[in-house]
Structure formats: C-alpha cells, structure tokens
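Residue strings, one per chain:
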Amino acid sequence: MNHYLELLSILILLSSFILAAAKRIISYIWIFRLQSFLLVIMAGYLGAVNFRKEGDIDILIICMVILVVKVIYIPRLLENTFAKVAYKVEKDFFLNIPISVLICCGLVMLSYFSIFPIDDLREGVMKTYLVNSISVILIGLFFMISRKKAIGQIIGFLVIENGLFIAALLSAHSMPILVDLGIFVDVLAGVMIMGVLVFRINENFESININKLRNLRG
Amino acid sequence: MQNVLYIPVQLAVMLLLAPLVNGIIKKIKAVSQKRKGPPVLQLYYDFYKLMKKGTVVSETSSWIFRAAPYIYFTAILTAALFVPVTTVLAPFSVTGDMILAVYLLALARFFMALAGLDTGSTFGGMGSSREMMISALLEPSLLVSLFIVGLIAGSTSLYEIMKFSVLSGITILQPVYFLIFLALWIVLIAETARIPVDDPSTHLELTMVHEAMLLEYSGRQLVLMELGAALKQLIFITLLANVFIPTDIFVQGRGFLVTVILSLGFYFVKVVGIACVTAVIEINTVKLRLFSVPNLAALSFAFAFLGFVQYFVIGR
Amino acid sequence: MEFAVIILPLLGALLCLLTRNRRLLHVVNGFVAGLFLLASLYMTFRIIDTGTLTSPVLASLFYLDPLSVITLDTIAIVNFMVSLYSVGYLEEELKHHIITGGMIRIFYVLTSTFVFTMVLVVTTQNLGVMWVAIEATTLASVFLVGFYNNKHAVEAAWKYVMICSVGIAFALLGIILLYFSSLQVLPGPESNLNWNFLLENARQMQGSMLKLAFIFVLVGFGTKVGLVPLHTWLPDAHSQAPSPISALLSGVLLNSAMYGIIRVLAIVNKNLGGSLYTGRLLMGIGLLSIGAAALFIYSQKDYKRLLAYSSIEHMGIIAFGLGLFTPAAVFGAVFHMVNHAFTKSMLFLASGNVYLKYQSREIAGIKGVLKILPTSGTAFLLGLFAIAGLPPFSIFASELSIMAAAFEARHPFAGGFFIILIALVFATMAPALLQIFFGDAPQGSIRPGELNFTGTAVIVILLVMISVSGLYMPVEIKTLFESAGAIIRGGE
Chain H
2 MNHYLELLSI LILLSSFILA AAKRIISYIW IFRLQSFLLV IMAGYLGAVN
52 FRKEGDIDIL IICMVILVVK VIYIPRLLEN TFAKVAYKVE KDFFLNIPIS
102 VLICCGLVML SYFSIFPIDD LREGVMKTYL VNSISVILIG LFFMISRKKA
152 IGQIIGFLVI ENGLFIAALL SAHSMPILVD LGIFVDVLAG VMIMGVLVFR
202 INENFESINI NKLRNLRG
Chain S
913 MQNVLYIPVQ LAVMLLLAPL VNGIIKKIKA VSQKRKGPPV LQLYYDFYKL
963 MKKGTVVSET SSWIFRAAPY IYFTAILTAA LFVPVTTVLA PFSVTGDMIL
1013 AVYLLALARF FMALAGLDTG STFGGMGSSR EMMISALLEP SLLVSLFIVG
1063 LIAGSTSLYE IMKFSVLSGI TILQPVYFLI FLALWIVLIA ETARIPVDDP
1113 STHLELTMVH EAMLLEYSGR QLVLMELGAA LKQLIFITLL ANVFIPTDIF
1163 VQGRGFLVTV ILSLGFYFVK VVGIACVTAV IEINTVKLRL FSVPNLAALS
1213 FAFAFLGFVQ YFVIGR
Chain E
6 MEFAVIILPL LGALLCLLTR NRRLLHVVNG FVAGLFLLAS LYMTFRIIDT
56 GTLTSPVLAS LFYLDPLSVI TLDTIAIVNF MVSLYSVGYL EEELKHHIIT
106 GGMIRIFYVL TSTFVFTMVL VVTTQNLGVM WVAIEATTLA SVFLVGFYNN
156 KHAVEAAWKY VMICSVGIAF ALLGIILLYF SSLQVLPGPE SNLNWNFLLE
206 NARQMQGSML KLAFIFVLVG FGTKVGLVPL HTWLPDAHSQ APSPISALLS
256 GVLLNSAMYG IIRVLAIVNK NLGGSLYTGR LLMGIGLLSI GAAALFIYSQ
306 KDYKRLLAYS SIEHMGIIAF GLGLFTPAAV FGAVFHMVNH AFTKSMLFLA
356 SGNVYLKYQS REIAGIKGVL KILPTSGTAF LLGLFAIAGL PPFSIFASEL
406 SIMAAAFEAR HPFAGGFFII LIALVFATMA PALLQIFFGD APQGSIRPGE
456 LNFTGTAVIV ILLVMISVSG LYMPVEIKTL FESAGAIIRG GE
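Residue numbers (our numbering), protein chains in the order written: chain H, 2 to 219; chain S, 913 to 1228; chain E, 6 to 497.
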C-alpha cells in the first residue's frame, strides 16, 4: 500500500518539476490539471482504504470535491480568463529553465534537511511523504516568484495548495472534513477573486505582466 | 556452459535485433501519418545493398576518417557485451564494467565527432559540436542514474544490477527506480538522436545533429556507422528493459534451454514495447530548438537527483 | 444567544445587500454595528463572570476566553466607529464623484463580511477553522483594498491577495504539522485540532515537530501581521484602501492574525518549557520590524504609507513582548494590541479627513492642517504623539510595561536595543510628519472647516478613549487583561 502512495507522491513532485520547466501558460494549466488529477487518485485510493477499514466516507467526499474543483472547474476558469486578456508572446520567466530546475533540486534538499532532524516519526516512510509535500510547496512558491505573468502566479498559488493538501492527506489522512471543505471554499473564492483581479490588471495596465506593477514602492 | 554460450547469444541477439528496433519505430511513425512506410526489415535490406557498393572517401580526409567507423563499431559492440540481454546466462565480468561501458560509448562518440570534423565540411563540423554539447549535457544524469542503481544493488556490474532487480520484483514500481527510469529515458532519447532532441529522418542542415556527421560516409563504412548507432540504441533499451522491468523471475525452474528461449522471448517483447512507446513519444512531440535541449537535460538530471534523495530518505 | 456576535455582522452584510436606498443603507449598517458592539460587550460581562464560555451546540468550535473576548471587543468598537465615520466619508466622496452610489452598497456588504470573518477567527477554538477564517479575511478585504479600481489600487490589491494567500498557506502547513503530531499522541478523538485539547496535551507532543510547526505558523500568520521581511503588501494595501478600511485593516485585521500566532505560541511554549526558542525568533523578528519600519518612516513621502509603516513597528513591539513571555511582557503585549488598534484607527480616520480636504496623500503638498481642520487636525497631531509613545496616552503604558519586562527578564541587550529603536522611530516620525500641521494654508480652493462631522466626532471619542485608558483602567478590565495573559502562558 505504501508503495503506491509513495509513487503517487513522487509523481506529484515530478509534475511540479515539469511545471518549473514549462514555458507556456496553456501548458501550466495542463500540468496543474494533471497534478490535481494525481491528487484525486491519491485521495481516492486513501479514501477507499479508509472506507473499507472504518467505513467513513470523508476522504471520498474530499476526493470528489477536488475532482470537480481542481481538475475541472479551476483550470477551465483559468483558460477562460487567459483567453480573454491581452497576451503578448514574450519570455515569461526571470531565470532560464535549467537554472530553475536546479534550484528546484536545491529546494528538495532544503525540505529534506528541514524534516530530517525530526526523529521518532511513527513510520519511516512518513519522512518521504513530508519531504515530498514540502518540496511541492516550495517549488510552487519558487514557480510563483519566477514567472512574470499573473496567471502563472495563480498557478503557483494553486500548486502550493496542492502541496499542502498532500501533506495533510499523507501525514494525517487529511484534516477534519469541516476544515477541508472550508479550505476548498477559500481556494475557490481566492482563485475567482484573483481571476477578477487579472481582468482589472489587464484593463488598467493593458497587459498581465506583473512586472508593470511597480508604482507603489518604498 | 553458461559462459561459453553467453558471447555468441549476446552478439547475435544484439546485432540482429538492433536494426529491427529502428524499423519498428519508422513503421509506427509512418502508420500514424497515414503512410504505408518502409517494411519493418528495410534497414537489413539497406545494409545488404550498401555492403555490395564501393566506398567513396574524400581526398582531404586523414586516416581518422577511415578508421573511425571501425573504432566506433568495435567500441559499441564491446560495450554491448557488458549489457546482458538475459540474466539467465552469466557473462564474463570486469570490476566496474558499468563505467567501462559508459566510457566505451564515449570513445565511440569521440571518434564519430572527430570523423565529422575531419572532412572539413561545414555540416560535419556543426553536427560534431552539437553532438558533443548534447552528450556533455546528458552525461551527469546518465552517470548519476547508473551510480544510484549500482548503489542500491551494491555492485558496479550491470549483470549484478540486473540480477538484483530480478530478485526485487518489478522494480519500476519502486519510486527510486521509477525516477531513474524517467531520467534514463530522456538520456535514451537524446543519445539515440530521436525527437525532441534530434530528428533522425531529416537532412535539413539547420537541425540535424547525428546525420550531419555521417553525411560523408558511404558503402561499408556507412553500414558500420548505422549499425553502431542502432546497437547503441539497443544498449540503452536493454538497460531499461532488464533493470527496470525484470521478467526473468517468471522463467525460472524450467529446463536450461527452455529458460533461455523464454527469457529471450520476454526480452524481445520488452524491447518492442519500449520501441513502440518511444515511437509514440516521437509522434506526439516536436523537435526542440537546440538551445532548449539544456532544459530537457536539466529535467533528466533533476529526476536522477530526486531518485538519489528518495533513496537516501527511504534508506534510513 | 452566544452566536449573536457571529451572526450579527453576517446579518448586516445581508441587510445591506438587500437595501437599495442610500440613506437607509447608512442607517442599517450603523445600527447593526451598534447591535454587534452591544452583543460583544454583553459577552465581555459574561466572560468577566465565568472565565470561559462555550456553547452547548458546536462545543468543539465555539469558544470564548478573556483573550478572544478582548480581541472581539476591539473588533466591535473599531467597527462601530468606522461605520459611523464611513457615513460622512462616503457621502463626501460621492459628492466629489470619486465613487458612485452603487459602490456604497458594495462597500458596506464587503465591510460587514470582512468583520464577520474576523469575528470567526476569534470565536473559534478549532485551529483549522481559524485558518480558514484568516484566509477568508484576506479574500473579503481584497476588493476593499482595490476599491477605487485605479492602477495603484489594483496593484495594491493584487500584491495583497497574492502575498497574504501564499504566506498564509505556510501557516496551514504549520497547523497540519501540529495536527499530525497531536494525532501521534492521541489518535482518534475529533477534537485533535482544538486549541484546548492541544494545550492540555502539549507536553506529550513532539518538540522538534512543534518547533517546525511554529516556524511555519510564524512565517504564515506573520505575513498577515506584517512582520518584516514579509510586510511588503502592508503599506501598499493600507495606503490605497479607503481610509475607513485602512483603519479596519491596521486596527483589527493585524490583531486577528497576531491572535493566530498567539494561540499556537501558547501550545508550543508549553511544550518547550523554559526554552528560549520561540522567544528568540519573536524578539528577533520584532526588533527587525521596528528597525526596518523606522528606516522606511524616515524616507516616506506619503502620510498614509507612513502610518502603515508605523503599524509594522507596533506589530514588532507586540511580537517582542510575546517573545519575552514573562507575565508582565505578555500583559503588555495584549494591552498594546488594543491600544494600537484604537490609536491607529483614529489616526487613519483623521488622515481620511485630511485626504478629503486636500485630495492628496503627499506630505509635501500639505500645509496648515491645524488651521484648515481645527478639530480633526488637532486630534491627528495628538494621535501622532500617542503613537510615538508619549505619556499620558495608553501606548506609553503598554510600551513601558514591555520595556520593563525586558530588563526584568534579564535581556538587557534586547531591551536596550528595543529602547533605541523606539526612540529612533520617534525621531524619524516627528520631522517627517510634523511639517504638515503648521504653516499657512495653501491659497485657493481649500477652505477651513470640517467636512465629515460624524467622522470628526468619532475621532474625538477615540482620542478620549486612548487618553483615559492611559491614565486609568477599571479593575475588572485589568483582571481581564491579566487572565488573558495567564491563558497565553498556559494557565499559570
């Protein structure tokens, strides 16, 4: 059982690496969709195991919610937003891709060393889970600060959320369902608000390049 | 008995199978483009035809140009001896043969690049410099990957590594192996001059890498070069097939000859499978700009590196 | 009855959504804010009687103790003042065609929702729900920050939502780690995320895990609090938002986020015992915030941004007090939270009046405020003295108690440094801002006289509050603060 979870957590980590190497906004959205789908599989698997053992369907409900919100709705929303804003083809990243990927490797090491001192975890494999999920979070953060376009930043935020969710799912078999649903409402509302703001940025600046947001300083 | 049989079986399988892999990939690509395509065995016909033809050698070239095909082919063939097609037969073994194999391949590449430069044609020079750049980019991830599987198996012999894999089940399902599998697959694509790194079917001067170095060759020398390249591709495929998807566990406990034949049968299926997947990747991607190749190499290295981290996290 | 405090702001939002008439809208909003204030005062009296309060329904979620009720009261009072102030402010802006009539309704709906989310933060004991609520405070206030929808406002809103959402994600990671380590101690019960449960079992949890969790929570909620170096959104958001919103953001939003840090701090410190781990982190980051704020204040050209940086400074002071973690320091920190809330919201409201009059945020373009705006200008000046920590105002009292605690707890260097930095802030703030008060009023269209009468009244009320509470504090309230301090220190 642990094998599959481990493999899935690594696949999710890999997908964030591929995201860090992606160059186009459409491919960001696709990779995010793929990552969320992997998350759905993971939640579905854990949920099924939990259902058989204890008969509670909390994780399965969460799994359905992720499927609807993160695999179907949010990517759609982002694609629609992207289709409507002015887009100029230009380099979207500050660092070139090999450097970005190597920095992501460094981030994995960082999370490894932050988890490493914690001794006495109940299962040894827990360390792997935590390392992988914290790496996903850090890579999401890095992705966010390395891209110039507003939509790229939203994707970074969503990847961070995915990483948090994996951490919760794998370490504690997800948070209490009330909290989880609250988090989803927040994420959904957050992405909608960010989408609206992207429109407003586009209106005011005639571009969705965040580099132009430099009026307020000091 | 096992040792005696190993070398002829290994050489025969490798030499006979290598052109077939190319044939399969070409056929799949052709079918996907709604063409009929050349027959699967076309490369064998080509070799037969070329063997009968004379060779033309440029006047301005030195001995390197003439010696390169032989060195290239022998180096790769020697390397092929270290990558067993089946673990049922025990090969002769040298300490560190994994590293030796990698450097034999590097030697072959070195001479190919020299030969490309030797004729003084612009295309050859371009191909050589590009080839060296790509190989330099991918060398780290190849070595790191091989070292990690070596560390896990506790040996630098590819035969021992494969044996270890056989004992530990379908290794690709283990996270570490999975990551290294991906890393090596990217290396395979780059080293065998496939899309998205290089397009084997083009002779457009702006894009070609591998083909550019072979432009001046003809006749028997061309056969050696082409066959060497095909062999190199098969070496990588064998590596993937036997280390990551070991099947020899299923054939144990039967008579010796049956075991060998079954094992080779499984091997054949795996090779064809990997060839098919490679072809599908080739169909679905476009060639990268040469300056984007580092991105791919970085990803490959990242995968290998991740495998390394995973191994040490779990290893505790 | 217990839930009245939670339901009233939500009700206010709904009523405002349904009301079409502009005048009625002002009345409805002010009325609901008043009711909400009464409800939370009623809760305070009950807490003074009983100590803690929970509800038979949803016992695992709803929970009030002195600490939360203090924060709740701050929210209620500032909210009431702001709603009174907004009437005049919005009408004035409407007259100048800066906003439209429809935007007033949106303003009230969003403000009530914003207050509702903050109330949710302080009335729940489930840390997960608390996180959800803190994230919701960001989402509810984004469009308030970007209310004017011009280049600057949109930029501020974008930075605000991105930086805060991402920062806060790290706090969620910290809470997940907390939950995970509490599951390792006691798997099973549903209350594993409840603050009381975690505090009771704090000693059995794993120290190293809690340390990591605390760092993440500090980074996460610290972003929302505006601690340096995670403060970058704060001056932008505070300066671009309409002044009533700046008052809410600075006065109570920062406190709600700080409240989140305090709750986790209590658990972690109980586990670590006498270790200085969290103390060093908090004191360091607190001093850094004060120092960085001093530098930014010095070079500031925009008086609202200047006030925003001063908020960063005061959050740094609170973090410093929490880091010391002695009874006197914790008392000082909680007291300071309240004092800062009142003083700073008064300052932002007064600066709103200045802005209405001069239509400029540039310090250089403003002169003679005392002549043009006799009442709110004077209040503004006195408020600046208060925020800089001069006696007799209440901020002086709380700063003094933190300062004394630093030396009492044998941190002479940290304490000395603290004093130097506070003096530095005072020294940089005075020359930067004093010039706007004096001198002759510019010739032309600006005529002397107050514009926003309810607003000016509110400012005066707040000024009286901060002056009186610096001099005299009723015993009951003092006990309330002390018991809040005791709760933070793990019931000792």
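Heads up, some of the hints might be wrong.
Claimed, not checked - Computed list of lysine-lysine pairs in DSSO-like fashion (alpha-carbon distance at most 27 Å, straight line): (1) LYS938(S) <-> LYS1182(S); (2) LYS213(H) <-> LYS376(E); (3) LYS306(E) <-> LYS85(H); (4) LYS149(H) <-> LYS54(H); (5) LYS156(E) <-> LYS92(H); (6) LYS100(E) <-> LYS372(E); (7) LYS961(S) <-> LYS1199(S); (8) LYS964(S) <-> LYS1182(S); (9) LYS376(E) <-> LYS306(E); (10) LYS938(S) <-> LYS948(S); (11) LYS149(H) <-> LYS85(H); (12) LYS216(E) <-> LYS149(H); (13) LYS100(E) <-> LYS128(H); (14) LYS946(S) <-> LYS1182(S); (15) LYS1075(S) <-> LYS24(H); (16) LYS149(H) <-> LYS1199(S); (17) LYS965(S) <-> LYS938(S); (18) LYS965(S) <-> LYS1199(S); (19) LYS1182(S) <-> LYS965(S); (20) LYS216(E) <-> LYS213(H); (21) LYS156(E) <-> LYS306(E); (22) LYS941(S) <-> LYS961(S); (23) LYS941(S) <-> LYS92(H).
Claimed, not checked - Ranges between beta-carbon positions, derived for each pair: (24) LEU395(E) <-> PHE200(H): 56 to 62 Å; (25) LEU456(E) <-> ALA84(H): 26 to 32 Å; (26) GLY212(E) <-> ARG1201(S): 49 to 55 Å; (27) ASN212(H) <-> GLN364(E): 48 to 54 Å.
These are computed hints drawn from the structure, not numbers from a lab.
Glycine included, each C-beta is placed from N, C-alpha and C at the ideal position.
Hint check results:
{"no.": "1", "hint": "LYS938(S) <-> LYS1182(S)", "verdict": "18 Å, holds"}
{"no.": "2", "hint": "LYS213(H) <-> LYS376(E)", "verdict": "40 Å, violated"}
{"no.": "3", "hint": "LYS306(E) <-> LYS85(H)", "verdict": "38 Å, violated"}
{"no.": "4", "hint": "LYS149(H) <-> LYS54(H)", "verdict": "47 Å, violated"}
{"no.": "5", "hint": "LYS156(E) <-> LYS92(H)", "verdict": "24 Å, holds"}
{"no.": "6", "hint": "LYS100(E) <-> LYS372(E)", "verdict": "24 Å, holds"}
{"no.": "7", "hint": "LYS961(S) <-> LYS1199(S)", "verdict": "31 Å, violated"}
{"no.": "8", "hint": "LYS964(S) <-> LYS1182(S)", "verdict": "33 Å, violated"}
{"no.": "9", "hint": "LYS376(E) <-> LYS306(E)", "verdict": "22 Å, holds"}
{"no.": "10", "hint": "LYS938(S) <-> LYS948(S)", "verdict": "10 Å, holds"}
{"no.": "11", "hint": "LYS149(H) <-> LYS85(H)", "verdict": "18 Å, holds"}
{"no.": "12", "hint": "LYS216(E) <-> LYS149(H)", "verdict": "34 Å, violated"}
{"no.": "13", "hint": "LYS100(E) <-> LYS128(H)", "verdict": "62 Å, violated"}
{"no.": "14", "hint": "LYS946(S) <-> LYS1182(S)", "verdict": "26 Å, holds"}
{"no.": "15", "hint": "LYS1075(S) <-> LYS24(H)", "verdict": "41 Å, violated"}
{"no.": "16", "hint": "LYS149(H) <-> LYS1199(S)", "verdict": "26 Å, holds"}
{"no.": "17", "hint": "LYS965(S) <-> LYS938(S)", "verdict": "24 Å, holds"}
{"no.": "18", "hint": "LYS965(S) <-> LYS1199(S)", "verdict": "33 Å, violated"}
{"no.": "19", "hint": "LYS1182(S) <-> LYS965(S)", "verdict": "35 Å, violated"}
{"no.": "20", "hint": "LYS216(E) <-> LYS213(H)", "verdict": "39 Å, violated"}
{"no.": "21", "hint": "LYS156(E) <-> LYS306(E)", "verdict": "19 Å, holds"}
{"no.": "22", "hint": "LYS941(S) <-> LYS961(S)", "verdict": "24 Å, holds"}
{"no.": "23", "hint": "LYS941(S) <-> LYS92(H)", "verdict": "33 Å, violated"}
{"no.": "24", "hint": "LEU395(E) <-> PHE200(H): 56 to 62 Å", "verdict": "47 Å, violated"}
{"no.": "25", "hint": "LEU456(E) <-> ALA84(H): 26 to 32 Å", "verdict": "46 Å, violated"}
{"no.": "26", "hint": "GLY212(E) <-> ARG1201(S): 49 to 55 Å", "verdict": "52 Å, holds"}
{"no.": "27", "hint": "ASN212(H) <-> GLN364(E): 48 to 54 Å", "verdict": "30 Å, violated"}
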